[in-house]
Amino acid sequence: MNYRRYLTRKLVGLFVTVLLVTTLNFFIFQVLPGDPTRILIPRGGGSPTDVINLTTLRNQLIREWGLDRPVYERFGIYLLNLIQGNWGTSITYRPGVDVWTVIVPRLVTTVIFTGTATILSIWLGMRLGRFSGWRHGKKSDTTVSLTSLLLYSMPTFWLAIALIFIFAVYLPILPTGDEVTPVLYGSYDIWGQIADRGLHLILPLTAFVLNNYAIFTLIMRNSLIEELSEDYMTTARAKGLSQFQQLRRHAIPNARLPVATLVALYIGWIFSGAIVIEVVFRLNGLGALTWEAVRNRDFPLLSAIFLVGTLGVVVANVILDIAYSYLDPRVAEA
Amino acid sequence: MGSSRSLAILACACALVLAIPPAVAEPVYPRTSQRGDNALTIGHLFAIDSLNPFIGFSNEAYLFYSLVYDYLFSLDEQQNYVPNIALSSATPDGGRTWVYQIRQGVKWHDGNDLNASDVAFTINYNIQNFWLLWAYEPYVNQVIQCPVGQTTGCGAQVTGLWEVTISFERPFSPGSAAIVVPILQRAQWEGVTAPEAQYSYPNRNPIGTGPYMADPDIYNQWLNGNPIVLHRNPSYHFGAPAVERIVFRLFSDENALVAALIRGEIDVAALSAAGYDAVDSANIAGIDLQEGLTVIQYWIDLGITQLNHPGVNIRLNPARFDLAVRQAMAHATDKQFILQQFYRGKGALGSTLVSPVSLEWHYEPTAEAFDYNLTKAAQILESAGYVVDTGTGLRKAASAKVLDIYCSPENLARGCQTQVTVPQNQDLKFTMVTRVEAPEERQVAEFLKQTWAQIGIELTITTEEEITMNVDVYGGEFDTYIWWWSADADPNYILAIQSNFTLNGWSDNYYDNETYNNFYLAQLSAIDANQRRQYVFDAQRVHYLGAAFIILVYPYFQYAWWTDEYAGWGDMNAEPGRQLGAFWGKHPLFLELMPIPGTNFFTSNVVLIAVAGAGAAVAAVAIVFFLVSRGRQKREEALPELPPVPPPPRT
Amino acid sequence: MGAAFAKLQDIFVGERYEATRQKAWNMFVTLARRPMAAVGLTIILLFIIMAIFAPWIAGPFPRYFPPANIGSPNLTPSGQFPLGTDTNGRSNFALLVYGSRVSLVIGIIASFIATGVGTLVGVVAGYYGRFQDQALSWVTNFFLVIPWLPFVLIVASVIKELELLPVDQRGFWSTLIAISLVSWPTTARVVRSKVLSVKTLAYVQRARAVGAGDGHIMGRHILPVLGPLIFANTILTVSNAIWTESFLAFFGLSDPNAPSWGTMIEQSWNNLDFIRGAYWAFLPPGICITALVLAFTMVSHVLEEILNPKLRRR
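Residue numbers (our numbering), protein chains in the order written: chain A, 197 to 530; chain B, 645 to 1295; chain C, 402 to 715.
A couple of the hints might just be wrong.
From the derived model, a few chain C residues whose C-beta atoms are all more than 10 angstroms from chain B [claimed, not checked]: (1) PRO461; (2) GLY485; (3) ARG531; (4) ALA610; (5) MET619; (6) LEU673; (7) ILE676; (8) GLY678.
Partial selection, computed: residues in chain B whose CB lies under 10 angstroms from chain C [stated by the list, open to error]: (9) ASP1048; (10) PRO1083; (11) TRP1096.
I should point out that these hints are in silico values taken from the structure, not numbers from a laboratory.
Where a beta carbon is used, it is the ideal one built from N, C-alpha and C, also for glycine.
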């Protein structure tokens, strides 16, 4: 009973959030950037003070893009288009191309890379957090915390550049970037291709993980310490269970609860891509595409990417919430 | 176990940080090669913006078009026009009509034959409506538009089996060779409307007659930002080139480009001054570098908009129309310092519209040159009636000034005002915009701001993406700007963009000067080369003195390439037509490059790839195993915590 | 105005807040005793000194005309230019020292704005409950859910384009607003949960029963309790703000008039310094960013341990 209500509440929440997200998306990208036809008229296309001829051109564009209708009508058209699967057409980055054609291959690359990287970060972070929390106050705890904080404080691009420099320029054992070796990739067999991709992923993965594992470490550590100070832990110790068993059966599962929210969010953020890493390592992912779209002022494309990212997070969160409540029914009663 | 692990981590981190300085002191770059693919890979920084020759505007796009398409005439290594699609040109009536003999046996990439109607179609296609289709306007805007029903004495007509005649409004001297319009296949383009061609037609399968053909998958390659592949055309009318494939690889930043060149991932790189220095300092045997004046006549200018329209005149500073102010600005611009400080000396001092790379047409100002002289600049402003306000240090008009401005008939129709008043106390405050893509231009602006402050002119600087700057400059949003142009071997193109013919959207500063316009027309119609040269010089001199463009510098090209796989690069300074960036077709460089025999071997990092592959496989298995082994675990009594607030991810 | 000044005077000097001041001082001392926090505070202090005394440490800000701290481009380190010059001839050392001003100013102002807005929102949401809470909860949820860094990029570039601001200030304000916009929900969430727990305390409920006004309750009972929490959160926000500013600078979206450390790295990146081996150009600014962000994070880390009794050493 409770469970069903919980589910319903979650789905309603999902729907409302999605609506909010699309509304804000529309507002930012359709309403704010002034007159979008300004961007569409490239060099040599007539000055705005040349009233007669430019009006013809502008009117044509306005009619095509539906910009002459009032805002609420445009919003309605926008929603209708979204539902029908028409998420827009790129205007400056790849003129005339449907945004899904541009986004989908990038999305696949991003999900594969960022997904692997996120899972690795979470795993490494939680292991180190567990290690560090258990040894709270000792030197190893301080070392791990300090190193984590240090790596967390580094600007991502700086870390990435340093890694490239050391491993790809000074000791050229790894490629400088890209997803595959250009031109020659086509001539490898399937194993060669897998190996090639793997080789190219090492540096970006390292950069991502080093920069991101720390937050999981710290939160896991803190919540583990809190758990360890609870009364029931004292009981467990008094019962005489061995150290490992103490950890496993009592403290760690509870300590994981606060991390769960963070994990859910990070998993959701997979869909937006790691911008800096993709740009520095030249991976053709969604993050790099976001940056290109910003640079080219391609608002329809930006709007679609943004929507994909937010929807990804929202949906991932809801799925994980529901899955989690299945594992721990008490959450549904909260 | 635990503490040793953390110690290990710390040790690694320390090693990382400490290793960098000594590592950097003596970098070693062995070539990790991917040779033997017989694909000339060109690394570049600016995108080929479109496969459609009407949409693309970058120099790389034009290079691409010049490999896929052909022109009536092309440029040889000494910048002379040589026949291509046209065998010859002749004018029976002193330049008003030009008759072209079309080469036979030219084949389109899809196997069809090129004939005279394709050529005539191309010209007529380009002139149908300059408001909707303007990409090649400066070359064809003198062609007579055919009124409805008329089929002779206008436009481009097929007047013989292999003959095309083009009729011009006035004697048109560049008609002999300098109409640089890519010849299009009638069958492909006659179904494409003008606005489609200018805005949206993707041109997925570019079909030209050029030495290289587009890869069948080229549209997807371009769409996904992957390397763009061209294959040699076996039936090219000048003989199939020796290089089998040309690959354009776009790099988002120069670090990647230089790293790729050094590692041998690309064959040749189009660099900037910074990249050139980086490659030079790496001092690698096997890499050749060259720099010099560009054959595409690339220059950087400071434009002072002369856009004259009531709506615009309200928000811009009317003092921009005052010749004295512009000349003072010219005297206060230290071009030598700019060249040394911001272009590392890699260029020539800017002067006139035609770049000094054109020995035939460039005019070098002598007595009339604006020397860098702040005192003179201040004097000019003082005598023109702009006095210094002791409080602010800024100059302003002591009394109202009425300026008489020339408006050509086209301009008058657009609202040009023949009299503009500089009101009393008008400050000499100007806005300036530069482009984000060229950070050195922003620094030039910064330098000018500080220098001009010495003579009482205040500059406010903005930086925008070029795509936005485009709109803003043409729309008259800023008083001044720093921008670029590149040009043709024939001076018509670059002189045209400052004439009254291109006030409809090519001229970015809307310069309109009667004497200049007359000289422009005179050179356009002067069939005799010597006479034409005189008019071209006159036009440049008038323009220079008008100071509506203060041309700052002619930056050099910078190319670097590996010498061990292809031979025949030549000297790009002695023979400017060989430069990589030349975009007039029948490319002297690409048609002469030869693979060096004996370099067809295959090296790949087999062992390394195998190790990496094994490592990746092990890691993947470990991850899967770990995730699977977490079963559900029993929970003890514990209160659910409020979720902590997460900071954003470091991506 | 006079009333506000009197209030401020009251807080810092007057009797009524004696207890609060004493508590704050005690907390500071506890903080400074822990080595991690002490190191962090020292680093912060050093950078503040660097920022304030920049003209004495490095000379005037680099100018072309008349030349000050300008040399030929891309010089190697020497006596005159301890860290060499950048691609435009400006002394890297001067840029580094003056860059601390930008990072600190933007970081601190942005986090003040974010904290201010966040506290306001959190207090209103937590105190009034029901509809306000739900509405604000949706909004903060939204901000926590959107792809953070793309959002920052988009906000910064959109604001830069709006015509509302004078041209040469756009870079500064767009950076500031973008950073604040993505930082405030964190504070709001934290404050809200604290307000919720305070609201249930006995003395607050008694005050309400007696008929005390909302403002009075918020001012006398809730805000003082929130003090340490807000302070801790502000420190964390500052570190994030400085990190975000360098991120924006790397993408060329920061204020071009005020070169920060992130801008230095971006220029160095465009200038291919790390390929030429010019480590003096890109290492120092990166180290500075890392150090400053680390310092704030360390202090915040220790603060969290202090404020949460369960985290203290057992």
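Verification of the hints:
1. PRO461: holds, 12 angstroms
2. GLY485: holds, 13 angstroms
3. ARG531: holds, 19 angstroms
4. ALA610: holds, 27 angstroms
5. MET619: holds, 21 angstroms
6. LEU673: LEU673(C) is in fact no farther than 10 angstroms from some Cβ atom of chain B, at 4 angstroms.
7. ILE676: Given that some Cβ of chain B is not farther than 10 angstroms from that of ILE676(C), nearest at about 5 angstroms, it is violated.
8. GLY678: violated, 4 angstroms
9. ASP1048: violated, 31 angstroms
10. PRO1083: At about 6 angstroms, which falls below the 10 angstroms cut-off, the nearest Cβ of chain C leaves the hint on PRO1083(B) intact, so it holds.
11. TRP1096: This hint holds: TRP1096(B) lies near chain C, its Cβ roughly 9 angstroms from the closest one there, short of 10 angstroms.
Of the numbered hints listed earlier, those contradicted by the structure are 6, 7, 8, 9.
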